[in-house]
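Could you slot chain B onto chain A? The hints should help.
Protein sequence lines correspond, in order, to chains A and B. Numbering-wise (the working numbering), the first sequence opens with residue 4 and increments by one. Numbering-wise (the working numbering), the second sequence opens with residue 4 and increments by one.
It should be emphasised that the hints constitute simulated quantities derived from the structure, not laboratory data. Being a predicted model, the structure only gives us computed values, none of them experimental. Don't take each hint at face value.
Stated by the list, open to error - Quick look at which bits of chain B chain A covers, simulated, 3 or more residues with Cβ under 8 Å:
#: 1; region: 67-74
#: 2; region: 104-113
#: 3; region: 116-128
#: 4; region: 136-148
#: 5; region: 154-162
Said to hold, decoys possible - Which residues of chain A face chain B? A few of them, derived with a C-beta cut under 10 Å, are:
#: 6; residue: SER43
#: 7; residue: PRO44
#: 8; residue: LEU144
#: 9; residue: SER145
#: 10; residue: MET159
#: 11; residue: GLY207
#: 12; residue: MET208
As the list claims (entries may be wrong) - Listed next, the in silico EDC-like pairs over lysine to aspartate or glutamate satisfying Cα-Cα at most 20 Å (straight line):
#: 13; chain 1: B; residue 1: LYS33; chain 2: B; residue 2: ASP117
#: 14; chain 1: B; residue 1: LYS203; chain 2: A; residue 2: ASP172
#: 15; chain 1: A; residue 1: LYS221; chain 2: A; residue 2: GLU206
#: 16; chain 1: A; residue 1: LYS33; chain 2: A; residue 2: ASP114
#: 17; chain 1: B; residue 1: LYS33; chain 2: B; residue 2: GLU109
#: 18; chain 1: B; residue 1: LYS203; chain 2: A; residue 2: GLU150
#: 19; chain 1: B; residue 1: LYS203; chain 2: A; residue 2: ASP178
#: 20; chain 1: B; residue 1: LYS203; chain 2: A; residue 2: ASP180
#: 21; chain 1: A; residue 1: LYS18; chain 2: B; residue 2: GLU12
#: 22; chain 1: B; residue 1: LYS33; chain 2: B; residue 2: ASP217
#: 23; chain 1: A; residue 1: LYS203; chain 2: B; residue 2: ASP178
#: 24; chain 1: A; residue 1: LYS203; chain 2: B; residue 2: ASP172
#: 25; chain 1: A; residue 1: LYS203; chain 2: B; residue 2: ASP180
#: 26; chain 1: B; residue 1: LYS203; chain 2: A; residue 2: ASP151
#: 27; chain 1: A; residue 1: LYS203; chain 2: B; residue 2: ASP151
#: 28; chain 1: A; residue 1: LYS203; chain 2: B; residue 2: GLU150
#: 29; chain 1: B; residue 1: LYS18; chain 2: A; residue 2: GLU12
Using N, Cα and C, we set each Cβ at its ideal position, and we do this for glycine too.
There are 2 protein chains.
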Amino acid sequence: MLPRKVVIETDILAKNNRMAQGNRALFRAKGLFVLNLVSSPGSGKTAILERTLRDMAGACRPAVIEGDQQTNNDAVRIAATGVPVKQVNTGAGCHLDAHMVLHACETFDLDNLDLLLIENVGNLVCPASFDLGEHHKVVVLSVTEGEDKPLKYPQMFHAADIMLLNKVDLLPYLDFDLESCREMARRVSPEITIFEVSSKTGEGMDAWYAWLSDGIGKSKG
Amino acid sequence: MLPRKVVIETDILAKNNRMAQGNRALFRAKGLFVLNLVSSPGSGKTAILERTLRDMAGACRPAVIEGDQQTNNDAVRIAATGVPVKQVNTGAGCHLDAHMVLHACETFDLDNLDLLLIENVGNLVCPASFDLGEHHKVVVLSVTEGEDKPLKYPQMFHAADIMLLNKVDLLPYLDFDLESCREMARRVSPEITIFEVSSKTGEGMDAWYAWLSDGIGKSKG
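Next up, chain A with everything else stripped away, as it sits in the complex (with noise of 0.2 Å):
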């Protein structure tokens, strides 16, 4: 059985990394800077969308897919700060895959964009294997879930080369080892760039918002 299976999930794989590679030209030729957001459910990643998206207004031109086994909640979340976004709904799946991206462009004016943040479904497993073709898959982890959890998802923590560390508002009542947590990331990714944030207090996210344009200038190229 297990060859079998192998072969299966390696076909699976090589097909969508070359609708990857298919994503990827098409962004390229449109000047969009594309970002894929991974993380446990509940880390916040929409709540960082937000905020982000909120501040960031009239600085550059965004749009979202928003990935999740069911409802629309997070969609219709994006669509109150007025940025165009699409509902993924996965059904029993696990994660979006490069197809589920093609689709959800097609729904978007790609060339009045230079920024499409993708927000993957809630599993730090799976997402990891899957290429959307985007320039930077990018963890957020959480501080209420523990240092460890770049050791323990060591596949998705590679695969990032970004991590934002979201709701250091609740470090002080937490017991979070803060250098531990950046020691253990480093670990598995060593050139990994950190923004320690909070989505709900704004702090910390100047720096993010610096590297997202720095981003956008050079995708326009």
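Relative to chain A, chain B alone:
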């Protein structure tokens, strides 16, 4: 491609279900009460187990199986309580399956146990589909993750009949609507039993211990 994938997945799930039935027969023969703890990464499953094992020391004969992609961090924490524990690393895998659990059980003296606690890989999607032969799936949701997780990951909350709502000690610092969360959980799992707990302060844990003791008594039959 999709039909082939579905066939293979059906094969894998059918094979797992057969093995889970075998596990179930074994657990019944040994008079073991078996729980499968599922949640997002970092919701506090291990901390709940640590406190439960310390507070119930002498009141039952437990063992623990720890599922993680990588590291034996959690097994080390459980071993410190003096309880037999077996770490299972799934590597790229996103869930435990019935075969892994059967193998892990070979390391325990089942005739001298009455409670087996299985901590699954932190993932609110994939473990929902894999029966391990347990009596109950216990879903842990921490209040830092937001109220709407039952609607966004309905398969898991539907599969669970017990929910531990953890980290209630942080409620004063969060915008979290308890009643709304309870309502959403019951919408996908009408008969779900909810325990509101803090593994840090011990709040609410007694009701959980009473439920555990009741289950252990019934399983001895």
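Evaluated hints:
With a threshold of 8 Å between beta carbons, the proposed coverage of the region 67-74 of chain B by chain A holds, since 4 of its residues qualify and at least three are required. Evaluation of the coverage hint for the region 104-113 of chain B: breached, as 0 residues show C-beta separations to chain A shorter than 8 Å, against a requirement of three. Remark: the region 116-128 of chain B is confirmed as covered by chain A, as 5 of its residues place a Cβ nearer than 8 Å to a Cβ of that chain, reaching the required three. Remark: the region 136-148 of chain B is confirmed as covered by chain A, as 3 of its residues place a Cβ nearer than 8 Å to a Cβ of that chain, reaching the required three.
Coverage of a stretch by a chain is defined here by at least three residues with a beta carbon nearer than 8 Å to that chain's beta carbons; for the region 154-162 of chain B and chain A the count is 5, and the condition holds. For A:SER43, the shortest C-beta to C-beta distance to chain B is roughly 4 Å, which falls under 10 Å, so the interface hint holds. A cut of 10 Å between beta carbons decides the hint on A:PRO44: the least distance to chain B is about 4 Å, and the hint holds. Interface restraint check: A:LEU144 against chain B, minimum CB-CB distance 8 Å, threshold 10 Å, status holds.
For A:SER145, the suggested interface contact is upheld, since its CB lies about 7 Å from the closest CB of chain B, less than 10 Å. A distance limit of 10 Å between C-beta atoms decides the matter here; for A:MET159 the minimum to chain B is near 9 Å, and the interface restraint holds. Hint status for A:GLY207: violated, given a least beta-carbon distance of 18 Å to chain B, over 10 Å. A distance limit of 10 Å between C-beta atoms decides the matter here; for A:MET208 the minimum to chain B is near 18 Å, and the interface restraint is violated.
Between B:LYS33 and B:ASP117 the alpha-carbon distance is near 8 Å, which keeps this suggested pair within the 20 Å criterion. Simply put, B:LYS203 and A:ASP172 have alpha-carbon atoms about 19 Å apart, close enough for the 20 Å limit, and the pair holds. Among the hinted pairs, A:LYS221 with A:GLU206 is inconsistent with the structure: their alpha-carbon atoms are about 26 Å apart, more than 20 Å. Taking the CA atoms of A:LYS33 and A:ASP114, the gap is near 6 Å; set against the 20 Å cutoff, the hint holds.
The straight-line distance between the Cα atoms of B:LYS33 and B:GLU109 is roughly 13 Å, inside the 20 Å bound, and the hint therefore holds. Only pairs whose Cα atoms come within 20 Å are accepted, and B:LYS203 paired with A:GLU150 is accepted, the gap being roughly 16 Å. Restraint check for B:LYS203 and A:ASP178: the C-alpha separation of about 10 Å stays at or below 20 Å, so the hint holds. Taking the CA atoms of B:LYS203 and A:ASP180, the gap is near 17 Å; set against the 20 Å cutoff, the hint holds.
Between A:LYS18 and B:GLU12 the CA atoms are separated by roughly 18 Å; this keeps the pair inside 20 Å, and the hint holds. Of the pairs offered as hints, the one joining B:LYS33 and B:ASP217 holds, with about 17 Å between alpha carbons and a cut-off of 20 Å not exceeded. Note on A:LYS203 and B:ASP178: the hinted pairing holds, with a Cα-Cα distance of about 10 Å set against a maximum of 20 Å. Annotation: proposed proximity of A:LYS203 to B:ASP172 holds, straight-line Cα distance about 19 Å (limit 20 Å).
Proposed proximity of A:LYS203 and B:ASP180 is supported: the alpha carbons are some 17 Å apart, at most 20 Å. A threshold of 20 Å between alpha carbons decides the hint, and for B:LYS203 with A:ASP151 the separation of about 18 Å falls inside it, so the pair holds. Only pairs whose Cα atoms come within 20 Å are accepted, and A:LYS203 paired with B:ASP151 is accepted, the gap being roughly 18 Å. For a cut-off of 20 Å, the pair hint linking A:LYS203 to B:GLU150 stands: about 16 Å separates their Cα positions.
Straight-line distance between C-alpha atoms of B:LYS18 and A:GLU12 comes to about 18 Å, which keeps the hinted pair within the 20 Å bound.
Checked against the numbered hints listed earlier, the structure breaks hints 2, 11, 12 and 15; every other hint is satisfied.
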